[in-house]
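**Q** Make one complex out of these two single chains by using the hints.
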Amino acid sequence: MDTRSSAASPRSGHVLHRFANPGQFLRLSGRVLPWLYWPGILLTAGALIWGVFFAPSDWQQGDTVRIMYVHVPFAWLASAGYFSLAVCSFISLVWRHPLADLAAVELGPVGAAFTAVCLATGSLWGKPTWGAWWVWDARLTSVFVLLLLYLGHIALVRAFDDPTRGYRAGAILALVGVINLPIIKFSVDWWNTLHQPASIGLTGAPTIAPSMLWPLLFSAIGFTLLFAAIVVTRTRAAVMERRIRGLLMAKASSASEQEALS
Amino acid sequence: MTRKHKRLVLILACGLGLGSAAALTLTAFSDNLVYFVSPTDLAKSDHTGRQLRLGGLVEQGTVERTSATGSAGVRFKVTDGSADVPVVYKGILPDLFREGQGVIVLGTREPDGVFRASEVLAKHDETYMPKEVADALKKSGRWNPGAGPPPPASTWNEPVKQVTGQPPG
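Protein sequence lines correspond, in order, to chains A and B. If you're matching positions, the first sequence starts at 6 in my numbering and goes up one per residue. If you're matching positions, the second sequence starts at -8 in my numbering and goes up one per residue.
Quick caveat, the hints were computed from the structure, so don't treat them as lab data. Errors might be hidden in some of the hints.
Result set (PhoX-like, lysine-lysine): computed pairs, CA atoms no more than 25 Å apart in a straight line [as the list claims (entries may be wrong)]:
| id | chain 1 | residue 1 | chain 2 | residue 2 |
| --- | --- | --- | --- | --- |
| 1 | B | 68 | B | 35 |
| 2 | B | 68 | B | 81 |
| 3 | A | 132 | B | 81 |
| 4 | A | 132 | B | 68 |
| 5 | B | 35 | A | 132 |
| 6 | B | 68 | B | 129 |
| 7 | A | 132 | A | 190 |
If you only want the chain A side, here are some residues facing chain B, beta carbon under 10 Å, derived [said to hold, decoys possible]:
| id | residue |
| --- | --- |
| 8 | 62 |
| 9 | 67 |
| 10 | 95 |
| 11 | 98 |
| 12 | 114 |
| 13 | 136 |
| 14 | 143 |
| 15 | 180 |
| 16 | 183 |
| 17 | 218 |
The structure presented is a predicted model; accordingly, all values stated were derived computationally and were not measured. Note that CB positions come from ideal geometry on N, CA and C, so glycine has one too.
Isolated chain B, as found in the complex (with noise of 0.2 Å):
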């Protein structure tokens, strides 16, 4: 028995110290560890020149379709709510990329503070509805996809209770 105690000990004690140093590691390449910057971020230091990935949503409005100079491009703005980039990108655009929608570019920010992007990539946000809910929320005016990420899911109305129900007075 006091072996297997000098075992189970050794192995807990092996844990604690295994934990510990990976949870100093993670914490001091955090930095390292972000798949992308947000536009506060690329506000507050200069990363001109460097390449880099800018993610944020794309924002109401801003979104130009520049298709004048022969190949398809396109100009909009990223934001995070308080800081917004603009970003010129030529080049074929995921099925998902629309305003509202959280994007991440990679490319490089030129001295004039135009981000400059090779790629783009939409990202998908945890929320999954069909489209009748995505419909419903719409029409009755609780969310607008231009704008940002959908209402908290407790608060959907299943399509059902949509038709049969009262309006809400």
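This is chain A alone, in the form it adopts within the complex (with noise of 0.2 Å):
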């Protein structure tokens, strides 16, 4: 992500044309895919045994800390795919980059299915810890937007004949949509809210004991690593099935014409 917001400066806008050549994705992104399954799997999974069996239970919350360990590395996966979304959009405005196109139509499924869960394990640890399964606090409701925003996005780029048109029209939702992130980060600062305020800062030690932090930085690396792959497998296949339809169009066409011809 990094990567890609450093190259979005106008002056490096040539560079970016070098990764549009779809021949040069797939093959750097196969290479580069094994490196994100199998460690992703293995740390996950490492992170989440460690998590339910192996870390300590909280003083008052009891075993519904575990739930933490899944809910936190999606909340932040729901925020940074749909930063992802963000840029993909904005590459795809100024530059007019296809692959970011591509990229954009399949991250919103996944972010979409991230943020789900992340709403689903959040209320059912809110009805044991809190009382309730759901409440409009400003953090929940901002969230609750968050979905929406990745389900209009899915539902937008799909709308249109012209996929170009979609494209654009859902990279347009997309970047309004931004202005939602920092609203979910801060809500929790700015306003009186029932969820509780971050626990990890770039300031400050961190509030969670540090026999509960490790097993949580595992797991949201390895889901981290797991969004990634589950992406860029999906672009891959979204490149292949355009490389694909243009075949099939190329050999009716001639086809067409010969038919025409005789």
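**A** Written out as structure tokens, the structure is:
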């Protein structure tokens, strides 16, 4: 993500076009993919076994705290995924980068699924801890809006007969929705919410005991690798699908030409 | 290149406009975006008869179970340090309800100043620690859960240190 956003400066625009070559993308991503899948699977499995069976239970939540090892990484990835969607949309609108269009289309459903799991696990945690499945406080509502933005993007990019118009409309929606990301992050600091403020920040020690923090960090890295792996796999499939469609169209048109000639 | 630059400037300008519009809207509606009011807010303005949410800590030593009238009820005070509000509630309390815990109660304030709650939610703070750490903090006298949130995490000692280390002189 960082390399993408740093590549998004106008001077390095020509660098982007080297990666616009679908063949180059397929070769590069094919080589990277196993390095995403295998460490992702191993780290996630290890971290979840650690979190569920070996990490201590919380002094007041008891075993309910273990939901954190899924909920927190999914919440981070829901926001990070939307940020990547916005970066793709930005590149697509400014540089008309075809791969950014495809990546944005493929990011949407994955991000929406991660957001939905984040909301579901949060709800399962909220009932025993707070005493409510759901409340309309600023944090929960803004994450629900994030899910709606993802769903809106999924619907919008597929709503046009001409895919290019869908990509443009979806990119504009994604960029407008970016305003929701700081609201999600800072909602717990700006307003009174039922949701607790962040436990891990850039300044100050985390307010999670180290014995619980380590499995959380490993599961976050693991799920991030898996998220990236799923998106890259989907984007590869989309590139290949587009290639096959192009070949079929060429074949069909040449066949109809021959028919017209004979 | 110029078309790209134009699009870039256009998008950045739109983003700037949209961002400031959102910031202004959020500032304007700030009062409506809070999920609960504090006892101090409640004391400042008259909310009598209006349904609202009150948030704060359950004041130490104020929890009274009132089961005399048949159904289980509870009476306690919600405080934010500078003001407190008496609350009465009939119903099931969340598991995390205790003295010193952050709670959010939904209800109305009666003319006599008592807050009649129809729902009590426990607020979990951002601290996560194993039972051993909590016990060690309590035993060493550095934290009383009844009095409020735990001390900053940087001052915690792992229980191992508690056992093997020399007691602070």
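**Q** It remains to establish, for every hint, whether it holds in the given structure.
**A** Going down the list of hints, with the structure as the test:
1. 68(B) with 35(B): holds, 17 Å
2. 68(B) with 81(B): holds, 15 Å
3. 132(A) with 81(B): holds, 19 Å
4. 132(A) with 68(B): holds, 24 Å
5. 35(B) with 132(A): violated, 32 Å
6. 68(B) with 129(B): holds, 23 Å
7. 132(A) with 190(A): Holds: residue 132(A) and residue 190(A) sit about 23 Å apart, inside 25 Å.
8. 62: OK, holds: residue 62(A) within 10 Å of chain B, min 7 Å.
9. 67: holds, 8 Å
10. 95: For residue 95(A), the interface hint holds, since the closest Cβ of chain B sits about 7 Å away, which is under 10 Å.
11. 98: OK, holds: residue 98(A) within 10 Å of chain B, min 6 Å.
12. 114: Given a least distance of 25 Å, the restraint on residue 114(A) is violated.
13. 136: With a minimum Cβ separation of about 3 Å from chain B (threshold 10 Å), the hint on residue 136(A) holds.
14. 143: holds, 5 Å
15. 180: Residue 180(A) check passes; min Cβ-Cβ to chain B is 7 Å, inside 10 Å.
16. 183: At about 8 Å, which falls below the 10 Å cut-off, the nearest Cβ of chain B leaves the hint on residue 183(A) intact, so it holds.
17. 218: With a minimum Cβ separation of about 8 Å from chain B (threshold 10 Å), the hint on residue 218(A) holds.
Of the numbered hints listed earlier, those contradicted by the structure are 5 and 12.
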